[in-house]
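Asker: One letter stands for each residue in the lines below.
Protein chains: 2
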Amino acid sequence: MHTSLSEKFGIEYPVFGFTPSEHVAAAISRAGGLGVLGCVRFNDPEELEAVLAWMDENTDGNPYGVDIVMPAKVPTEGTSVDLESLIPAEHRAFVDRTLSELGVPPLDSGAEHATGVLGWLHSVARSHVDVALNHRIALIANALGSPPKDVIDQAHEKGVPVAALAGAVEHARRHVANGVDIVIAQGYEAGGHTGEIASMVLVPEIVDAIGDSAAVLAAGGIGSGRQVAAALSLGAEGVWMGSYWLTTSEYKLGSASAEGPSAIQRALLGATSADTVRSRIYSGKPARLLKTKWTDAWSKPDAPAPLPMPLQNLLVSEAHQRIAASENPDVVAMPVGQIVGRMNEIRPVAEVMDELVKGFDSAVSRLDSFR
Amino acid sequence: MHTSLSEKFGIEYPVFGFTPSEHVAAAISRAGGLGVLGCVRFNDPEELEAVLAWMDENTDGNPYGVDIVMPAKVPTEGTSVDLESLIPAEHRAFVDRTLSELGVPPLDSGAEHATGVLGWLHSVARSHVDVALNHRIALIANALGSPPKDVIDQAHEKGVPVAALAGAVEHARRHVANGVDIVIAQGYEAGGHTGEIASMVLVPEIVDAIGDSAAVLAAGGIGSGRQVAAALSLGAEGVWMGSYWLTTSEYKLGSASAEGPSAIQRALLGATSADTVRSRIYSGKPARLLKTKWTDAWSKPDAPAPLPMPLQNLLVSEAHQRIAASENPDVVAMPVGQIVGRMNEIRPVAEVMDELVKGFDSAVSRLDSFR
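Respectively, the protein sequence lines represent chains A and B. Residue numbering for the first sequence follows full-length UniProt numbering, starting at 1 and increasing by one per position. Residue numbering for the second sequence follows full-length UniProt numbering, starting at 1 and increasing by one per position.
If you are wondering where the hints come from, they were derived from the structure by calculation, not from laboratory data. There could be a bad hint or two in this list.
All copies of an identical chain are treated as equivalent in the list; a pair is satisfied when it fits inside any one copy or across any two copies.
What the hints assert, rightly or not - In silico DSBU-like cross-links for lysine-lysine, where the CA-CA straight-line distance does not exceed 30 angstroms:
{"id": "1", "residue 1": "Lys-149", "residue 2": "Lys-358"}
{"id": "2", "residue 1": "Lys-300", "residue 2": "Lys-358"}
{"id": "3", "residue 1": "Lys-300", "residue 2": "Lys-285"}
{"id": "4", "residue 1": "Lys-291", "residue 2": "Lys-158"}
{"id": "5", "residue 1": "Lys-293", "residue 2": "Lys-149"}
{"id": "6", "residue 1": "Lys-8", "residue 2": "Lys-358"}
{"id": "7", "residue 1": "Lys-300", "residue 2": "Lys-252"}
{"id": "8", "residue 1": "Lys-252", "residue 2": "Lys-149"}
{"id": "9", "residue 1": "Lys-291", "residue 2": "Lys-8"}
{"id": "10", "residue 1": "Lys-300", "residue 2": "Lys-149"}
{"id": "11", "residue 1": "Lys-291", "residue 2": "Lys-252"}
{"id": "12", "residue 1": "Lys-285", "residue 2": "Lys-358"}
{"id": "13", "residue 1": "Lys-158", "residue 2": "Lys-300"}
{"id": "14", "residue 1": "Lys-300", "residue 2": "Lys-8"}
{"id": "15", "residue 1": "Lys-291", "residue 2": "Lys-149"}
{"id": "16", "residue 1": "Lys-8", "residue 2": "Lys-285"}
{"id": "17", "residue 1": "Lys-8", "residue 2": "Lys-149"}
{"id": "18", "residue 1": "Lys-293", "residue 2": "Lys-158"}
{"id": "19", "residue 1": "Lys-8", "residue 2": "Lys-158"}
As the structure is a computational prediction, the values presented were derived from the model and not from experiment.
Using the sequences and the accompanying hints, generate a full structural model.
Answerer: Encoded structure:
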């Protein structure tokens, strides 16, 4: 399974795997794909620096990338303290009441309270870029569309291509005009930030709209070789997968341990493809999340409207921390796509990759038999 | 392009084309697919009898099918007069006010007022089955899931296979248990009645769930050979296309004429993939429609909640008639899928079919080059 894009990156398979876990990202790169490390959780550039140094050592010399979260328009800046003052009391009261109703305990008095994910801020995302460009990264992807022109130039000066997510043709055209090298066509079924056009329609639409001016990766709903074949049928040069790695053995975030999967993983393993919602409650922009008692609470009539980015994430960041600590699979706050219905066992990354490649091959053989 | 399903039906290509137009249905069958005539618009069985007699004569001996609308659960029965009394005055007032605000004139005093589409009623759908089974039909499809067991038996006694739409795995399992032969996996992106799971996820999920007990057609988002290849990659044995035929030259419903496309077609030609909404306002169940000033009005805060099936369709049937007569592309009431973004010119059915077949072939050649 190879395309011009996998050749360009010098990787075995055109499988781009986004994950917040460096262990998963490194395993994806070692397995022949391109592991792309999500940086948004690193409030402190030094933390990212240490993790990327680890990536350099643990990817067998294979390429890897980073994913930043940089809105095209610069949002309200400031320290978390400044921003906190913009959050209405009604919203705070709703969060407190909901957590209490859901039986989510407060943090231990000793625990460090979350300051919110500052990675949503422009200045922090820029620090991620600065840090990453000092490592041997092969890609910078931006989860919120084109980064600013000077960030693209900065990456290009170091010979690093830039990818950007697009949920509609007009996003893709804008990215190309801004100098983006790879457009990630993110379908409605995808986890995290997503638009309303499903992959079946969106991918060929974006491929046709941008022609040869950039490569297209298909994102959303991919977790098997058949789905990779479908994505490449639609004109993509590769796939971008995020959700599917959350149930790999290497994923240890959310307190997965040797004793077994974490609460989040147990929730994901039990979910069907119908158990997601697309909502603004995670970040302020529409994102697909696992449907749980937490997302249900926000869709009740008494719930306030979510705040704009980055305020909503600041509002719920301590809640996310409390929810994570409570380790209750019924109350989880987690972006995931409709492919969660196929995430039914914990497997090593290499085994997932092997199935993608073999499944792709069988799917193409089957198609050949139809000619 | 052939699969075991196209062989079973004795058709050249596994392309099942649903359409309310007998001219389009016949053209699809003549072009090597299987034209499936939507029956819901025939309130009078004799009208359907005449149209199927025409189909028998105009399909060059090729097979064709019919599509009925028969809810699994028997809804409120009665004449339209009985049912009309169940519609709240508030809803009628909203419809009248909205049409007036949108500048949709009343019907000419001479015009026959619509009695609602009685095809939504169980008894009328049964009459469609009775009429159709006296013609050389090759398929009965039900747009609302499994028809009752005795209807399936009635079809099977005449050697006619039964297909049913499914928007989720549990629907598909139920259909198979009821004796349905073909499951149509209808993704979120599809026009008309549709669920929330996109084709990329839904199709392989249904294929895996039902195994060899029934064939699977992929529906939703298909209008090019690349999309056919994607659907077959996902494990389907063929495709079910509805929206795409609305902009064929043979489609004359909605007053298309020799002078040019109808108001509905002009609206479709101008729409992008983002110009649809999934709403209960057409039939009472969630259906994807072209986004127009009419659908916008129903999503405003002052709009009442849509009524259950079949009341909602009775409520809006005269409105649909008035809207059609007004021939204003901005105020159209029309089910269509996200593929509308690719429906940009009026073309003959045979040309569409040719592109599907050639496009499939190129897509598979491209996939082969990736191995």
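Asker: Look at each hint and say if it fits the structure.
Answerer: Cross-check of the supplied hints:
no. : hint                : in the structure
1   : Lys-149 <-> Lys-358 : neither (40 angstroms within a copy, 40 angstroms between copies)
2   : Lys-300 <-> Lys-358 : neither (44 angstroms within a copy, 49 angstroms between copies)
3   : Lys-300 <-> Lys-285 : both (18 angstroms within a copy, 21 angstroms between copies)
4   : Lys-291 <-> Lys-158 : neither (41 angstroms within a copy, 45 angstroms between copies)
5   : Lys-293 <-> Lys-149 : neither (41 angstroms within a copy, 38 angstroms between copies)
6   : Lys-8 <-> Lys-358   : both (22 angstroms within a copy, 29 angstroms between copies)
7   : Lys-300 <-> Lys-252 : neither (33 angstroms within a copy, 45 angstroms between copies)
8   : Lys-252 <-> Lys-149 : neither (35 angstroms within a copy, 50 angstroms between copies)
9   : Lys-291 <-> Lys-8   : neither (38 angstroms within a copy, 41 angstroms between copies)
10  : Lys-300 <-> Lys-149 : neither (41 angstroms within a copy, 39 angstroms between copies)
11  : Lys-291 <-> Lys-252 : within (21 angstroms within a copy, 44 angstroms between copies)
12  : Lys-285 <-> Lys-358 : neither (36 angstroms within a copy, 40 angstroms between copies)
13  : Lys-158 <-> Lys-300 : neither (49 angstroms within a copy, 50 angstroms between copies)
14  : Lys-300 <-> Lys-8   : neither (48 angstroms within a copy, 50 angstroms between copies)
15  : Lys-291 <-> Lys-149 : neither (37 angstroms within a copy, 35 angstroms between copies)
16  : Lys-8 <-> Lys-285   : neither (33 angstroms within a copy, 48 angstroms between copies)
17  : Lys-8 <-> Lys-149   : within (23 angstroms within a copy, 56 angstroms between copies)
18  : Lys-293 <-> Lys-158 : neither (46 angstroms within a copy, 50 angstroms between copies)
19  : Lys-8 <-> Lys-158   : within (16 angstroms within a copy, 58 angstroms between copies)
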